[in-house]
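There are 2 protein chains.
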Amino acid sequence: MSSERLIYLPLGGAGEIGMNAYIYGYGKPDQERLILVDLGVTFPDMDGTPGVDLILPDISWLKERADRLEGIFITHAHEDHVGAVAHFYDALGAPIYARAFTANIARRKMGEHGHPEDAVRTVSPWPETVKVGALTVSFLPISHSIPESGALVIDSPAGRVIHSGDFKLDPTPVVGEPFNPELWEEVCKTGVRALICDSTNVFSPNPGRSEIEVGPEIEKLVADASGMVVATTFASNVARLKTLAEAGERAGRSIVLLGRAMRRMIEAAVETGVLADFPKVVSAEDAREIPRENLMLLVTGSQGERRAASAQLARGKYQGLEMKEGDLFLFSSKTIPGNERGVIRIINQFSEMGVDVVDDSSGRYHVSGHANRPDLQRMHTVVKPQMLIPMHGEHRHLREHAKLAEAGGIQSVVSVNGMMLDLTGNAPKVADYIETGRTYLDGSIQVGALDGVVRDRIRMALNGHVTVTVILDEDDEPLGEPWCEIKGLAETGSSTASLVEILEEDLNQFMMRAGAKTLRDDDDLEEALRRIVRQTCQSELGKRPEVTTVISRMR
Amino acid sequence: MSSERLIYLPLGGAGEIGMNAYIYGYGKPDQERLILVDLGVTFPDMDGTPGVDLILPDISWLKERADRLEGIFITHAHEDHVGAVAHFYDALGAPIYARAFTANIARRKMGEHGHPEDAVRTVSPWPETVKVGALTVSFLPISHSIPESGALVIDSPAGRVIHSGDFKLDPTPVVGEPFNPELWEEVCKTGVRALICDSTNVFSPNPGRSEIEVGPEIEKLVADASGMVVATTFASNVARLKTLAEAGERAGRSIVLLGRAMRRMIEAAVETGVLADFPKVVSAEDAREIPRENLMLLVTGSQGERRAASAQLARGKYQGLEMKEGDLFLFSSKTIPGNERGVIRIINQFSEMGVDVVDDSSGRYHVSGHANRPDLQRMHTVVKPQMLIPMHGEHRHLREHAKLAEAGGIQSVVSVNGMMLDLTGNAPKVADYIETGRTYLDGSIQVGALDGVVRDRIRMALNGHVTVTVILDEDDEPLGEPWCEIKGLAETGSSTASLVEILEEDLNQFMMRAGAKTLRDDDDLEEALRRIVRQTCQSELGKRPEVTTVISRMR
Numbered sequence: 001m002s003s004e005r006l007i008y009l010p011l012g013g014a015g016e017i018g019m020n021a022y023i024y025g026y027g028k029p030d031q032e033r034l035i036l037v038d039l040g041v042t043f044p045d046m047d048g049t050p051g052v053d054l055i056l057p058d059i060s061w062l063k064e065r066a067d068r069l070e071g072i073f074i075t076h077a078h079e080d081h082v083g084a085v086a087h088f089y090d091a092l093g094a095p096i097y098a099r100a101f102t103a104n105i106a107r108r109k110m111g112e113h114g115h116p117e118d119a120v121r122t123v124s125p126w127p128e129t130v131k132v133g134a135l136t137v138s139f140l141p142i143s144h145s146i147p148e149s150g151a152l153v154i155d156s157p158a159g160r161v162i163h164s165g166d167f168k169l170d171p172t173p174v175v176g177e178p179f180n181p182e183l184w185e186e187v188c189k190t191g192v193r194a195l196i197c198d199s200t201n202v203f204s205p206n207p208g209r210s211e212i213e214v215g216p217e218i219e220k221l222v223a224d225a226s227g228m229v230v231a232t233t234f235a236s237n238v239a240r241l242k243t244l245a246e247a248g249e250r251a252g253r254s255i256v257l258l259g260r261a262m263r264r265m266i267e268a269a270v271e272t273g274v275l276a277d278f279p280k281v282v283s284a285e286d287a288r289e290i291p292r293e294n295l296m297l298l299v300t301g302s303q304g305e306r307r308a309a310s311a312q313l314a315r316g317k318y319q320g321l322e323m324k325e326g327d328l329f330l331f332s333s334k335t336i337p338g339n340e341r342g343v344i345r346i347i348n349q350f351s352e353m354g355v356d357v358v359d360d361s362s363g364r365y366h367v368s369g370h371a372n373r374p375d376l377q378r379m380h381t382v383v384k385p386q387m388l389i390p391m392h393g394e395h396r397h398l399r400e401h402a403k404l405a406e407a408g409g410i411q412s413v414v415s416v417n418g419m420m421l422d423l424t425g426n427a428p429k430v431a432d433y434i435e436t437g438r439t440y441l442d443g444s445i446q447v448g449a450l451d452g453v454v455r456d457r458i459r460m461a462l463n464g465h466v467t468v469t470v471i472l473d474e475d476d477e478p479l480g481e482p483w484c485e486i487k488g489l490a491e492t493g494s495s496t497a498s499l500v501e502i503l504e505e506d507l508n509q510f511m512m513r514a515g516a517k518t519l520r521d522d523d524d525l526e527e528a529l530r531r532i533v534r535q536t537c538q539s540e541l542g543k544r545p546e547v548t549t550v551i552s553r554m555r
Numbered sequence: 001m002s003s004e005r006l007i008y009l010p011l012g013g014a015g016e017i018g019m020n021a022y023i024y025g026y027g028k029p030d031q032e033r034l035i036l037v038d039l040g041v042t043f044p045d046m047d048g049t050p051g052v053d054l055i056l057p058d059i060s061w062l063k064e065r066a067d068r069l070e071g072i073f074i075t076h077a078h079e080d081h082v083g084a085v086a087h088f089y090d091a092l093g094a095p096i097y098a099r100a101f102t103a104n105i106a107r108r109k110m111g112e113h114g115h116p117e118d119a120v121r122t123v124s125p126w127p128e129t130v131k132v133g134a135l136t137v138s139f140l141p142i143s144h145s146i147p148e149s150g151a152l153v154i155d156s157p158a159g160r161v162i163h164s165g166d167f168k169l170d171p172t173p174v175v176g177e178p179f180n181p182e183l184w185e186e187v188c189k190t191g192v193r194a195l196i197c198d199s200t201n202v203f204s205p206n207p208g209r210s211e212i213e214v215g216p217e218i219e220k221l222v223a224d225a226s227g228m229v230v231a232t233t234f235a236s237n238v239a240r241l242k243t244l245a246e247a248g249e250r251a252g253r254s255i256v257l258l259g260r261a262m263r264r265m266i267e268a269a270v271e272t273g274v275l276a277d278f279p280k281v282v283s284a285e286d287a288r289e290i291p292r293e294n295l296m297l298l299v300t301g302s303q304g305e306r307r308a309a310s311a312q313l314a315r316g317k318y319q320g321l322e323m324k325e326g327d328l329f330l331f332s333s334k335t336i337p338g339n340e341r342g343v344i345r346i347i348n349q350f351s352e353m354g355v356d357v358v359d360d361s362s363g364r365y366h367v368s369g370h371a372n373r374p375d376l377q378r379m380h381t382v383v384k385p386q387m388l389i390p391m392h393g394e395h396r397h398l399r400e401h402a403k404l405a406e407a408g409g410i411q412s413v414v415s416v417n418g419m420m421l422d423l424t425g426n427a428p429k430v431a432d433y434i435e436t437g438r439t440y441l442d443g444s445i446q447v448g449a450l451d452g453v454v455r456d457r458i459r460m461a462l463n464g465h466v467t468v469t470v471i472l473d474e475d476d477e478p479l480g481e482p483w484c485e486i487k488g489l490a491e492t493g494s495s496t497a498s499l500v501e502i503l504e505e506d507l508n509q510f511m512m513r514a515g516a517k518t519l520r521d522d523d524d525l526e527e528a529l530r531r532i533v534r535q536t537c538q539s540e541l542g543k544r545p546e547v548t549t550v551i552s553r554m555r
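First to last, the sequence lines map onto chains A and B.
According to my numbering, the stretch in the first sequence is residues 1 to 555, in order.
According to my numbering, the stretch in the second sequence is residues 1 to 555, in order.
Hints are computed from structural coordinates only; laboratory data are not their basis.
The C-beta atom is built at its ideal place from N, Cα and C for all residues, glycine as well.
Just so you know, not all the hints are guaranteed correct.
Unchecked claim - Just so you have them, the derived chain A footprint on chain B, three or more residues with Cβ under 8 Å:
id, segment
1, 322-330
2, 419-432
3, 466-474
4, 546-552
Isolated chain A (complex conformation) (with noise of 0.2 Å):
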């Protein structure tokens, strides 16, 4: 039991898509020296996360033993990968380490939240190395949708292990770095004890295609266009940009950025070198002096999201650009799974308008920056692991991963977010469960999953909501009669008077019957009073809202 161990333990992004956090580390159990790769975020919706800004990883586990983790490993540039650095860096204090152009996104986020940017630290890819406790790190590039992925191969005492990170196998990915199969095999045939990978598009049944394919598309389209085009993708897809820009460039457009995640990814681009030639781009100001079948303008909002640039021109003018009858809008993205309602919305007041718009529905204008299913069989054949742990995605993905990998004969589990594995043996092993969750970011405040303070506003949100206030004399003996406001509840039921005026006159009939126990205890008063809101409202409403109850004692 106390041999040394090579530990896994994915606090976020196993068993659901986003908010990547996982852990590493070597050494004596309950001792290893740990490092943690990744550290995203992921987005809040109005169904379970009403009012919440953002969603952090529950990283309890890790802030106790703080002093034992190492450092900090960022993959890329995505939110849901290096989203929480910032956030958490009070908490865990490591060094962060990160390729360049991810590196310059995540020092942008450090200043903005006042923290040390040289607390992240660039590091060249393979073989450059960092050496952590018992533990070597190095970025092995791979493509991907955002410059500079890279997987990490992580060299232990129990031999090497890759991390996957995000990644497609693109031989032409028009910014970055291609995949590179001659790199990977030299550094994988030493012998890979575990590959931890991947499992987004674990169900997309073709081979992926490459990034460049869509540029001879989207320059048709361009080309053919009349009036004033507008297009959107991700704003980290930075190749997408380029190839939208130079479509837009060879129509004689000019090219305009609206949104601040979009001109900032093309900075952080630009300072890093990743990004050599982008046509010249003119501001908004100055696009209002041209011709419309003249400009094209890369908005930020590809996924509905009301306050970016696509959704502001959805509704009307936005840095005092319009779009109008006859020009085009062209979606260069696909849809994230419940962002349908948003997008649709945008489409339907671009049609109102009289504007075209073009969705990925023809498969013409985006791909995916995932591997598919058989980029994933090529990838376990290159790496020839004598593991695969399947993450980077729900349940689903990673059982469906799973099968894949043993179909191949590679031993795999699935694990989720809290189950540690031990990796040292010759087949995975289950070492602990661990308490993992959600943070919420509020306001300004992080608050935890199950503190209740979500819940209540569900609550508010499904039922309405009663404030029931009563005040009593020096004995106990109500003093004037109880008092009623209500919000989110119709002012008249199924009686022809207010329901406010129901629910006073109730709650008097019961004050004035009440017996002086009932009077005396907050707690009972309270119930009682809670109860008979309830039972008026069920009858006059059919709905049982949430209640607060003031009670005011003249003592």
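We have chain A already, so just place chain B on it with the hints.
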């Protein structure tokens, strides 16, 4: 101006999918005798309508003219066409006409609401007609994903109008009448003034497939399954239920129907003779005694609805039955946009159980009930209308369908809810704009969408809620200190003290300093208290909550 005219006025379903309600009328302006075609509902969601039970069209315009309403014609028994008949029976009171199966469903709804079932009149299909005012109406059979869908042939002194209802062109629909092009050509050969036409699938480029094509695929899937098989589809898709049940029967499995809606649809189909031969079903209770490899359950909840049988099976037991590793779950349905999250949740829950889930991504186990783009073109050719008015679609669908018609040489116009068209002339002419909108069934009460009730609920969900109570004595001086209660907010913010204590302290300081004029005036005082609460919460939490203030005066 006083000559008679033929009008068309959508109150729901034009500019949205669902909640269908279309008015036709003939007569002198503002004296037209009216009919209503369909009276459906749409479904609420947490994003925009939290806590709402059902969304109905706002039919205020029609209620005010109920004396001119001759009848309500229901094309088929889907909820978005028939769901609101009972809710509005008191307000409209007109007789309801439908074919037998639809009438059976409508009568059940009337009965549940305590309305007379004989207000629903069964009409045989073409050539039987109903004479209503100056209009003569007949049900023309058309295939769809529910039995006895009927297009309407509406004859007026200004000519013949065809209202397509939901439809597809299926020569082999398994249950119900196939599309009969000869009959349709016969009906249309005298000339059709206007075709009011379903637009749902105008963006689907390939010809629609027949219901009969899914049979062999489902049969193969079920035959190959080794554990229990559970399949879900829309409860009203009686043909699909038959296909599924027969596949189970052929594989030697006993059939169980789970979910009230499913049993009710089968009942109605048998009662009306639509469904002659459905495999024998066993009860859930009896099923518990049958080995799981000999069972096939047909369950409600293809859209991931939380209370339906599928979701309950995904969480655990339903009526004593539960799924296990090695079982198969089939979605013989598509996911309606907006329902993705609920469906994916179920799939992941099944994945955790080791249940294999098969969905429609392969296209093998479901076909749509709506005419695709080439089928719409074929319909245009069969009917040869003078004008085509697209309906059943969001704005983008209507616009696309209008373009398609115009490309085929047919006059068209996009008419959305509230836009009244005069169809009497050579081309459709906008005659008026009517206020339309939505009515919410909230518990047992109908609430206007713009009443602010739901808006307040959304605000509480996004921002949380604070109750402030202050008591003032006979001289309008504070009596004791202000009191706060919070709901849906973190208990502690950026300070270390509790939020409630900080709020009460800030409010008390204000009350001590406040001038007599402010303390005397309820509105001023309320406004000041609200402002302080919001400022304090903004600085403590970064959130500006909803505030209820209660000011009690001891007079």
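Cut-off 8 Å, C-beta pairs, minimum 3 residues; does the coverage of the segment 419-432 of chain B by chain A stand? Not satisfied, violated; 0 residues make the cut.
Residues of the segment 546-552 of chain B with Cβ under 8 Å from chain A, three needed, outcome: holds (count 4)
Are there three or more residues in the segment 466-474 of chain B whose C-beta lies within less than 8 Å of some C-beta in chain A? Our answer is that it holds, as 3 residues pass the Cβ test (under 8 Å) against chain A, meeting three.
With a cut-off of 8 Å between beta carbons, are at least three residues of the segment 322-330 of chain B near chain A? Violated: only 0 residues of the segment 322-330 of chain B have a Cβ under 8 Å from chain A.
In this structure, the earlier hints numbered 1 and 2 are contradicted, and the remaining ones agree with it.
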